[in-house]
Amino acid sequence: MLREAVRDITTSFGPDYFREKARKGEKTNELWNALASQGYLGVNLPAAYGGGGCGIGELAIVCEELGAQGCPLLLLIVSPAICGTILARFGTDEQQEKWLPRLASGEDRMAFAITEPDAGSNSHHISTTATRDGDIYRLNGQKYYISGVDEAEAILVVARTGVDEKTGQGRLSLFVVDKETAGLTFELIPVEITAPEKQFTLFFDNAEVPADHLIGTEGDGLRQVFHGLNPERITGAALANGLGIYALEKGAQYAKERQVWGTPIGTHQGVAHPLAEAKIEIELARLMTQKAAWLYDNDQDAGEAANMAKYAAAEAGLKALNQAIQVHGGNGMASEYNLAHLWGMTRLLRIAPVSREMILNFVSRHSLDLPRSY
Amino acid sequence: MNIVVLVKQIPDPAGPSELEDDYTLDRNCKLILDESDSYGVEIALQLRETSGGGEVTLVSMAPNKEVSGIRTALAMGAEKAILVTDDALSGADALTTAKVLAKAIERAGDYDLVIGATESTDGYVGTVPAAIAELLGLPSVTFAKKIEVQEGKIVVQRQTEAGYDLIEAPLPAMISVTAGVVEPRYPSFKGIMAAKKKPCDIIGVSDLGLDVSAGWGQEILSVEDAPARAAGEKIEDDGESYLKIVEFLENKKII
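First to last, the protein sequences are chains A and B. Using our numbering, you'd call the opening residue of the first sequence number 2 and step up by one each time. Using our numbering, you'd call the opening residue of the second sequence number 3 and step up by one each time.
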């Protein structure tokens, strides 16, 4: 019923709405607010703070269904999935009281800043520093490819607060940084993704963050981040699966209707079989996504499953969209068929939130116990 | 105020449908809330909210203990439900359905109002609300597009071809509401979660003290496809064709 409810709300907006808003550089706030007002953006957050009291499995359903209706909302992966999870788990009472009700209601959004120009997937080498100075921390450094900073109230920032003397690796800590903080500036990164969410570079120049904006214990950031990254991968996978479902439905519909030599083009196996393959791969990816969500929600190690789900979903989603465009011939590129504009985001999901290559590294090393390459 | 809403659970009209050997609709599939009943649910919830108290009780009759559609209406905000499910009712006609629903309504306790749709989306018979009113001895107001509750009575705008009639009836009463008169709310996530725990009393025909073993006075002898739509009339535009369109619409009483 959750799926149907999200579908009903989302179809009242539809893919035309999404594409036109994104093309104009506008936000899809009407859709966001419609979902928010009925409680669908905070389904995974604690009921005591106005959330739905359920888990990542439920949030993944919301993400998948938004994708399946051609309205992928990227910030769901960031605000409730990463930031909400970390705050609910490690935030102080004050931080939880301040932020969780606002994230759960969708009234406020929180961005997440980990990636840096010189430390892409290597979180240990984060160079943004936070130095304690009395009641404040001073943040210095740079982050990039941070989604939705313009529409967020605050940013969850991963910074280095020290160095582990044994390993030489950075000790990380998490901070909730208000967007209006003096010393924090941000710049748009133009990207070829048709989406309402924009990408930004952040500059911290002696940005003063109150010490009580530190999440949990100083130096515990890496462990905290990992709790947020599995939900990110699972909901990212769900979004990719949803986009694949959307593309396949359109591709199959067109293949049934389009006639060139007196029969629907879907009669030809050259058209039908690639769609069937994509369908199989999407369903397999959905199953792995559900497994990962179940493991996560039941406090079991979800790392391997979340990585595999994200890998499979991104591959399957892209293949489905690719084939749906191919089936449409020239129409696949026409705006009114609402397919090609989703290419950027679907392609992005192969790179982010974690690249397919990093997942293959993970699986090689952790699942197959092969020697590490880096 | 306490309101009973009749909700029918039907096969998804968007999906393929099959007929049973007796030409009635095969309902052994997932059933959903009939959209035409979602308006009655919405009106009931609004009337309850305006009155400041009371309960909205759903009454439904469906095979296989089906509750999917009921859960949707509970998620919208109704308090509880009564479902009559019994193999003996397979293929029941409209009068039998009305008798069953009337008995189930009596089980719902004290009520001020019973609301139904004007007709279901799968059967389109449209006699059940009036039959229930007769069986329960209630005033029957059909095709309501707006309902206002005043002291001990309702004032209803009844849709007509030309406009609407203004009708007053004492409470309790039976009302059928037309589709599209209100915007049914989307269930909230909390509503969906709460609906799982709301009571749904699932009962059979014998629990209602009814005996339907004699069957009913209706048998479907044959079913034919709806006639194919005839080719329309083509009007060549000679600069005056709008007059013909206006005439056509006037003949149809559309304008």
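Simulated from the structure, these hints should not be mistaken for laboratory data. All C-beta atoms, glycine included, are put in the ideal place defined by N, C-alpha and C. It is possible that some hints are incorrect.
Here are the simulated lysine to aspartate or glutamate pairs, DMTMM-like style, with alpha carbons at most 20 Å apart [what the hints assert, rightly or not]:
1) K199/A / E188/A
2) K180/A / D213/A
3) K180/A / D298/A
4) K199/B / E5/A
5) K199/A / E305/A
6) K192/B / E5/A
7) K192/B / E250/A
8) K101/B / D209/B
9) K67/B / D209/B
10) K32/B / E5/A
11) K32/B / D9/A
12) K67/B / D88/B
13) K198/B / E5/A
14) K280/A / E250/A
15) K192/B / D9/A
16) K255/B / E163/B
17) K155/B / D167/B
18) K82/B / D209/B
19) K25/A / D9/A
20) K192/B / D298/A
So these bits of chain B aren't anywhere near chain A, every CB distance computed over 12 Å [what the hints assert, rightly or not]:
21) R73
22) D95
23) E163
24) D239
Now for the hints, and whether the structure bears them out:
Distance restraint check for K199/A and E188/A: the Cα-Cα separation of roughly 10 Å lies within the 20 Å cut-off, and the hinted pair is therefore satisfied. As the CA atoms of K180/A and D213/A are separated by approximately 16 Å, the hinted pair is consistent with the 20 Å bound. The hinted pair formed by K180/A and D298/A fails the criterion: a straight-line CA distance of about 31 Å is larger than 20 Å. With a C-alpha separation of about 19 Å, the suggested pairing of K199/B with E5/A holds against the 20 Å cut-off.
Restraint check for K199/A and E305/A: the C-alpha separation of about 30 Å exceeds 20 Å, so the hint is violated. A threshold of 20 Å between alpha carbons decides the hint, and for K192/B with E5/A the separation of about 14 Å falls inside it, so the pair holds. With a C-alpha separation of about 30 Å, the suggested pair K192/B and E250/A falls outside the 20 Å cut-off, and the hint is violated. With a C-alpha separation of about 13 Å, the suggested pairing of K101/B with D209/B holds against the 20 Å cut-off.
Between K67/B and D209/B, the direct Cα distance comes to roughly 15 Å. Compliance with the 20 Å bound is thereby established for this hinted pair. With a C-alpha separation of about 14 Å, the suggested pairing of K32/B with E5/A holds against the 20 Å cut-off. At most 20 Å may separate the alpha-carbon atoms for a hinted pair to count; K32/B and D9/A meet this at roughly 18 Å. With a C-alpha separation of about 8 Å, the suggested pairing of K67/B with D88/B holds against the 20 Å cut-off.
Restraint check: the Cα-Cα separation between K198/B and E5/A comes to about 15 Å, which is no more than 20 Å; the hinted pair holds. The straight-line distance between the Cα atoms of K280/A and E250/A is roughly 10 Å, inside the 20 Å bound, and the hint therefore holds. At most 20 Å may separate the alpha-carbon atoms for a hinted pair to count; K192/B and D9/A meet this at roughly 16 Å. Distance restraint check for K255/B and E163/B: the Cα-Cα separation of roughly 9 Å lies within the 20 Å cut-off, and the hinted pair is therefore satisfied.
Restraint check for K155/B and D167/B: satisfied, since their Cα atoms lie roughly 16 Å apart, inside the 20 Å limit. Restraint check for K82/B and D209/B: satisfied, since their Cα atoms lie roughly 18 Å apart, inside the 20 Å limit. Distance hint between K25/A and D9/A is unfulfilled; the C-alpha atoms sit about 25 Å from each other, more than 20 Å. The suggested pairing of K192/B with D298/A holds, with an alpha-carbon distance near 19 Å, which does not exceed 20 Å.
The beta carbon of R73/B is not kept farther than 12 Å from every beta carbon of chain A, the shortest such distance being approximately 6 Å. Here D95/B stays apart from chain A, with its beta-carbon at least about 31 Å from theirs, past the 12 Å limit. With a minimum CB-CB distance of about 30 Å to chain A, E163/B clears the 12 Å threshold, and the non-interface call stands. No beta-carbon of chain A comes within 12 Å of the beta-carbon of D239/B; the shortest separation is about 27 Å.
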